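Trainee: For the record, the sequence lines run as chains A and B.
Numbering of the first sequence is given in my numbering, commencing with residue 1 and proceeding in unit increments.
Numbering of the second sequence is given in my numbering, commencing with residue 1 and proceeding in unit increments.
Careful: at least some of the hints might be erroneous.
One copy or any two copies: either way a pair holds, since identical chains are not told apart in the list.
[To be verified] Dumping the calculated DSS-like pairs for lysine-lysine here, alpha-carbon to alpha-carbon at most 30 Å: (1) Lys62 x Lys82; (2) Lys47 x Lys69; (3) Lys69 x Lys82; (4) Lys29 x Lys69; (5) Lys29 x Lys82; (6) Lys47 x Lys29.
Honestly, the hints are just simulated from the structure, not real lab data.
All figures in this text were calculated on a predicted structure; none of them were measured in a lab.
Each chain, written out:
There are 2 protein chains.
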Amino acid sequence: MTAIKESSTIQQNKQFALEQCPVTYVMEKIGGYWKPIILYHLSQGDKRYSELRRAIPAITEKMLIQHLKQLEVDDLVLRESKPVVPPFVTYRLTSSGRGLIPVIQAMADWAFREVRGEFADRIHASASEG
Amino acid sequence: MTAIKESSTIQQNKQFALEQCPVTYVMEKIGGYWKPIILYHLSQGDKRYSELRRAIPAITEKMLIQHLKQLEVDDLVLRESKPVVPPFVTYRLTSSGRGLIPVIQAMADWAFREVRGEFADRIHASASEG
DNA sequence: ACAAGTACTTACCCTAAAGTAGGTGCCTAT
DNA sequence: ATAGGCACCTACTTTAGGGTAAGTACTTGT
Numbered sequence: 001m002t003a004i005k006e007s008s009t010i011q012q013n014k015q016f017a018l019e020q021c022p023v024t025y026v027m028e029k030i031g032g033y034w035k036p037i038i039l040y041h042l043s044q045g046d047k048r049y050s051e052l053r054r055a056i057p058a059i060t061e062k063m064l065i066q067h068l069k070q071l072e073v074d075d076l077v078l079r080e081s082k083p084v085v086p087p088f089v090t091y092r093l094t095s096s097g098r099g100l101i102p103v104i105q106a107m108a109d110w111a112f113r114e115v116r117g118e119f120a121d122r123i124h125a126s127a128s129e130g
Numbered sequence: 001m002t003a004i005k006e007s008s009t010i011q012q013n014k015q016f017a018l019e020q021c022p023v024t025y026v027m028e029k030i031g032g033y034w035k036p037i038i039l040y041h042l043s044q045g046d047k048r049y050s051e052l053r054r055a056i057p058a059i060t061e062k063m064l065i066q067h068l069k070q071l072e073v074d075d076l077v078l079r080e081s082k083p084v085v086p087p088f089v090t091y092r093l094t095s096s097g098r099g100l101i102p103v104i105q106a107m108a109d110w111a112f113r114e115v116r117g118e119f120a121d122r123i124h125a126s127a128s129e130g
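Can you make the complete structure from the sequences, with help from the hints?
Mentor: Structure, rendered in structure tokens:
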């Protein structure tokens, strides 16, 4: 067991931090507003850059490319470019990225349940108004 | 079906936005760095203010109370204070908040899988170094 | 008398994240 | 000839999220 030498303390700290709060680790990778939204769209299938742009009209190009680059260095997203003109660039989830699909899916499920709940409340309120 | 009158367009927009991207709805509620971390600790059981503080040493009091208040108005967290001195305030998840447990749990699961993966990679790399 | 613990609140500051608005190079369609 | 689509890049500015440090009110412990 001589593997992991000097860096073992880092690893131990990481293990420690993880036991303290695993969610912190996740936030370091996909914290912020846009990343989970981008990941959601990629979870629906591989997308070209321009497809992502159209799928998320509210995001600026700067934010989109910036987060895509970061997701790439964090090995959550893979960028594949065909050397043609006009450019043809595809983004897809890596296997780590696909590991986040349950998270994204749980988020989507919750959102639907919440809004259905509001809907039901509203009908109920209107009904009891007379 | 005359329930929902003037406000129906808002509701329709919400439904539309939700179909476009349910994750956006989630981000409006729990986006940012700290909220999921707070929710994780509350998912482990009801906590007093000071317990949360100790559980999340990296957070400042300002951030903690600020996000707790916001989670309260968003009906994800319930604040219960006993009128005693010294104060005794407990925070717990509401039913909406409990609905997020699968999200938080999926995050925690992913974090553990990721770090185990890194660990395995590291051992593998060291082994093939000689 | 003083520190420490409870659960906050307030004022000030700073930085990192995000928005604005341009440009690049190359091609196709009108 | 000009506009538009592709996938970006860059400089500048704004905003909001977060950090620092102090104070509040009341009680218990030493």
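Trainee: What are the numbers of the hints that this structure violates, sorted from low to high?
Mentor: When the structure is compared with the hints, none of them turns out to be violated.
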